[in-house]
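Undergrad: Each chain is listed here by its residues.
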Amino acid sequence: MAQISAYKVSASPHKTGKDTTRRLMLDVLIALAPCLAAGVVFYGLWALLLVVICMATCFASEQLCNLIRRKPFTFDFSALVTGLILGLNLPPRAPWYIPVIGGVFAIVIVKMLFGGLGKNFANPAATARVFLLLAYSGVMTSWIGADISGNFLAVDGTTSATYLGGGAAAFADSFLGVRGYWGQVLQLLFGYTGGSIGETCVPASAAGFVYLTVRRVIDWRIPLSFLLTAAVMALICYGDAGEILLQLLSGGLLFGAVFMATDYATSPKWRYNRILYGIGLGIVTMLIRAFGTYPEGVSLAILIMNLLVPLMDKYILPVRFGELTKRGKPRPEIMKWTMRALCLAMALSLAVAVPVLATREEPFEPVYVQSYTQDESGSYVFEVTGGAYLAEYDYTQELAYTVTIDPETGRVSTIVPVQQSTMGYEAYLEFFVGKTEAEIAGLTDLTDPEEAPTDGTSSATVTNTALRAMVLECFEVMERAEAGNG
Amino acid sequence: MARFGGGVHPAGCKQYSKDEAIGRLPDPKEVWVPLSQHIGAPAIPAVQAGERVLRGRLIGRAAEGLSANVFSPVAGTVKGIVTHITFAGKKAEHVLIENDFTDESVTLPPLAERTPGAVLARIAAAGIVGMGGAGFPTAAKLNVQGKADTLLVNAAECEPYITCDDRLLREHAEEILSGARLAQLACGAARVLIGVEKNKPEAMERLRPLCTDGVSLVPLRTRYPQGAEKQLIYSCTGRKVPEGKLPADAGVVVINAHTAYAIHAACERGEPCYERVMTVSGGAAERPANLWVKNGTLLREVADFCGAHEECGRIVAGGPMMGEAVFSLKICATKTTSALLFLSENEAEANKSSVCIGCGKCVQACPMGLSPTFIEEALLAKKYEEAKRYGASACIGCGCCSYVCPAKRYLAQSVKLAKKIIRERGI
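Here the protein sequences come in this chain order: C and R. As numbered in our numbering, residues 332 to 817 make up the first sequence, in order. As numbered in our numbering, residues 16 to 442 make up the second sequence, in order.
Everything labelled a hint here was simulated from the structure, so no lab data went into it. Predicted model only: the values in this text are computed from it and were never measured. What you were told as hints is all true, and nothing was included just to trick you.
Covered stretches of chain C, going by a simulated chain R footprint (3 or more residues, C-beta under 8 Å):
{"#": "1", "segment": "347 to 357"}
{"#": "2", "segment": "445 to 454"}
{"#": "3", "segment": "597 to 603"}
{"#": "4", "segment": "649 to 655"}
Positions of the beta carbon are idealized from the N, C-alpha and C atoms, including for glycine.
Bound-form chain R, shown alone (with noise of 0.2 Å):
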């Protein structure tokens, strides 16, 4: 099997939560379901203030290009199109419903026939984006015309704390190689592969019984980033996907565990994506969880449910590595995200940055093959051209740099600055 280079072994720190089964968060009494859960243009508002509406009824019309479908997670009252606070800081519309507990619900039409076509057009209208946190529209994803061989379903979860895909393996595996198949007949790849990290014997044990024609189990060394795409594919094909090509370039099409698992439920159930499982963890969670939470549950919501200890340090949406950093619990939870993590004064010490020793750790480190050290040393010199010959633009901001430098430098976050300013600057 081949092995990426670099990469950084963090505590796994999965203990918390991995043997909680997947729980529900009670309904919340109102949804703030974004417009805007995945990458491209908002969806168009598809509802009137004052509309009742059912739960999975379509709320937002994905807009020209790429987007994707926005439903109701709950049967309620709209109460308006509003302007709320996202993850990244910025305003965006978000359709805020009263929830009045009747939970009607309405479904999609059954899938008339099998065909790539049909379901490519069922993906695309329940409005699944890929669910690992980069929130893509999988339909768009799926679309290769034929150029991809292999559909491989991300189950790696490389990241620490995380559990919401080894507990969905363990309680919905059939559901998953469900959609895996699905996805497979939509991109028309020939087989299908599932990688999984060693750390996860359970899930593998539950998912190599179901193993059969064209589909293979693939167990991977756990290291971080082994749930990044590029090192994925890497690791279970050996190909690697060209700088600035897609995977299908690659002939690979990679979905994440939980995607599949929405394929199959708006393929078989017909209902559309309007909820995810999310694992609640962190040094500083009272009682850790893995939930079913509705988009647009605030996250006050969450907090209040699984309870915080008051040394919590820091409050991180995604995994440790990757995730956002919550400013606000009236953030709203959308598709994408997979974890909220109350970490404890310990867990996510603010360090105090000091000078460079020049240990290179961070070059050892980074799986993509850049010297984050140089990147830094060009961008605070202002040698944007420099910071691009040492591979600034490359970064898959997978944080290893930062993880290892013993100097505690910012060096994930300057490269990310400066893979920002070479683009915005053409450089």
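Pulled out of the complex, with its shape left as it was, chain C reads as follows (with noise of 0.2 Å):
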């Protein structure tokens, strides 16, 4: 037994779990690896090259702190996370320079000056953009379009406007073939729009939350609290159910609730304030996306919040195990159900008031159509009345036909003038005649064939499109007449 002379003594306990600040630090790194592969697939290379420089800074400034303060260097790797993820929170076409004062910001200014790892009290990638966005506002929020052409190396691309600073003008007509509502909700999911280099693709981003979570880096109430107060926020805010999926899906929402928002050194440590933090940095970010004067409220809701966290910790304290009020009676765990409450009222709310305001609809109301009838034949015979602007005699010309559509063909049998037009202009009735609705639809050029190639705005080209309206309309009120019988 000589032998085992050199063994060690300390207190129990004399096991340790296998995670370490480093493993922690490099999980965190490879969640967000899919974010950067999209933003460099969506942006060119030019984006990484942003996203190194950020890293590079951060981790050669916090090494120079360290020199400075003669302390030893440090190989955590949470400068790098914090570069990686400031550098993910930049427009993909920002100058070099804008990762490396931001850098430099994030790990001097808001981590070193307060001590180093786990002693800032805001998250360094957020406060960083902030920042960056009141000095520098035009470059940060000047974007472009994501392009998949392969181009990589493309400095500049087509300028273009996110959904929270630029409405509808942020999508394309339709997407992967999707048209309407569900095509800027699919554009959006796949981040094919305008944005911060890793923030747009909502995949990207869920993929690090569920590596996270089943890694256990990261507590999942955060990111769904946070996105749950968000949409209900959103309804409350937009009273429209269709805005909840634009605005979760848009901005650094997602990837700010998984990768920002969770961030150890500035969130609270008890489960149910981090729920509460949650719901706070989702009311924040809405009011400030609402009615705030900046599109994006994410990094200033979780700079807001971050400054609670301290209050968070001190004051609202976990019930201890079999703990007793003053009186001797158990203490009731006051925070646990009022969060566990909210979380369920805001589920709820959201069950019932999504359905209800997702299936308003606007009462349909035929413009042009005054009346129809069906004939023996079954054919629907509509009397419709419209008018035409003629902008070279500044006058709007009385349009009256009569259309007769077959439903079993889907055709137009025929079309017939009820009056003369007041100013001579014909519409060219071979357009529809014959024709079935998608046929009228598709048509894009509807210039007379008997005049002169024009502008395309020309009095019958005018007159054409007007009738073009009417015809489509008398479709609609047809598709909903037999929808209606069957």
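Take the two lone chains and join them into the complex the hints point to.
TA: Take a look at the structure:
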């Protein structure tokens, strides 16, 4: 037994878990990889360069701080995490000095001056982003559209609006063949839109969330309560169920919820405080988005809520196991049940309000169709009236037709003018007669073939365009009537 | 079933010794029996140097107040009452007995009547203490004046490595049941619950047919610290022991499975408590085993019998989460030494602690609802009132906070220190 004289003595416990600071930070880096990949695919290699500059700056400035303070160098990857998150928060075509300034600000001012890892009271990346937004507003809000044509080396991109900054202008007519609202949702979901390098692609952030949750690196309560509250707030602020998805999927909301709101040092420690924190983030973010001057509110919201975290940690404590009140009664777990009830109430209100608001359709009121009948053969006969504004004469010419559509074939049978056109411009009926709804809707050139080619705004073309709207409405009315019969 | 909050799930590591039948450590040439193997006042020596004692002879009489009798584990000659080191590193009185290997024994007289009073008196006379680790005199624990309706047998054995209760259940289930019923009689409880973690299916299979009229088996989820008294009571009955109160105030008395076995031995066979099953395990143990080890056996004897690899990094008496690191093999086994672990360098890595990153994992892991990271911060700033506000006084010392800490900070150790300072200064 002489050989085991070198054993060590310490106080219990003698076993520790496998987690280490470095491993956790590495996990965050791994979880951010899909976001970086999506950013590079969408916005090219310049975006990658920005991120690398940012990470290098963060790492270097941390070591410089250590050097100045005569502390040992730190290799815990936390500076790289800050650098990567800040880099992914930058616009894809920011100039090279933006990540340098941002990185130095994040590490030196926000992190190291307050004592380094774990001591900073505000999220370095979020604070740096807000700082850059204030200091370089123009650069920090000029976005380019995503481009997956494989042109990774392009330094210029077409400028593009984001949904939060430019509204519907950010959207293409259709995405992956889906038109309208769901096309917009799909476009935002894939992040094929303008935005910061890493935050547009929702599946990438979601993959990061799953990875970090499974690895137990982050607490799922913060992102989920954040998103839930943001959804409810979107409903309240915009009064439109459709806005919920557009708001949740756009901007840095998901990215911020997963990677920035869950930052260890600046988020509360107890699980129910974390739910409270997430709820606060959701409220502040949506208030900024709906009523503030800045289109994007996540970073600012994180910064604001960070300031409340020490208060929460200090004054809202977990109820101890078997804790008694001063009167000797078991202390009720008010915080726990309040947070649970709040989340449940928000989920329920969403479950109730979304179907109600989503099925609320504008009542269909025909504009042109005055009346319709069905003849003995089953064809629909519509009386339509309308007008065509003729710019040449600054005059609105009245139009009136009788349109017959056969529901069997879905084609226009006849179009008969009811009254002589007041300015003499007749519609070119061949465009419509015998055509289906899709064919008519797909017509791009309504220039009268008997007329000399014009710029498309000639009086005849305007008349044709007006008639097309009337015919399409006839189809709409017929479909509703058929659906009603069926 | 109620689930306590927090806790951790360390690797069980029970595979080393769970299939080793209980053997017997050869009797040592001499035993150093500590007179204090329990909570409370040390026993008063009842023998003198030169006196011959038989196995089972009283050698230390319980002192006034909380204390317990101590018995000779071997037949032999008392060499003297000597001072010797204990686990805590303090010097204490031990009775040194030289074994004459005649193994002559005396037993207590048969139990005359089966009344609560008689059983309690026998448990006290046999020197039985809580064998889960705390060493609280069992007679005092069971004497609850009818306040308890439930007797809970703790067979959770949630600490990694330890398998002595598991083996005891598998090999002596009837005796443990009998002991539990005697304890039930002594404390006047209406029912008996046996809590076993689900990672011991063989023991549960063995117990299930025996659990009849008033005795029920409670399978528990495998989670450390399932076997901590308050957590166990909550898991089995849904009752929370109020802070600063005893389990009896929640209507429960908890005894360890090994204690129940000792009660059976004392009442049915008249054998007092002078030996126990000890698990010898760990990555650096050559021959892991479950052994009957007599009180007062030097740990060196156990180490020599089972062998330890060279790369042994740490020797722990008890479980790796709450046991004590052994600084010398000259220490003696007691009634509460449930395991001797030879941990390899890998298993008991001495991690360098780094700065707190504020991840809050310790707060989530604390089964008592404390905030270890803030307690540590307050302790280092000498703000003891603040440490108390974060709950330092309620710490049960389970070590979950240190276990989960990614920065490897000595949280449990700090909280224990804060608790001690708060108690000593009456803050």
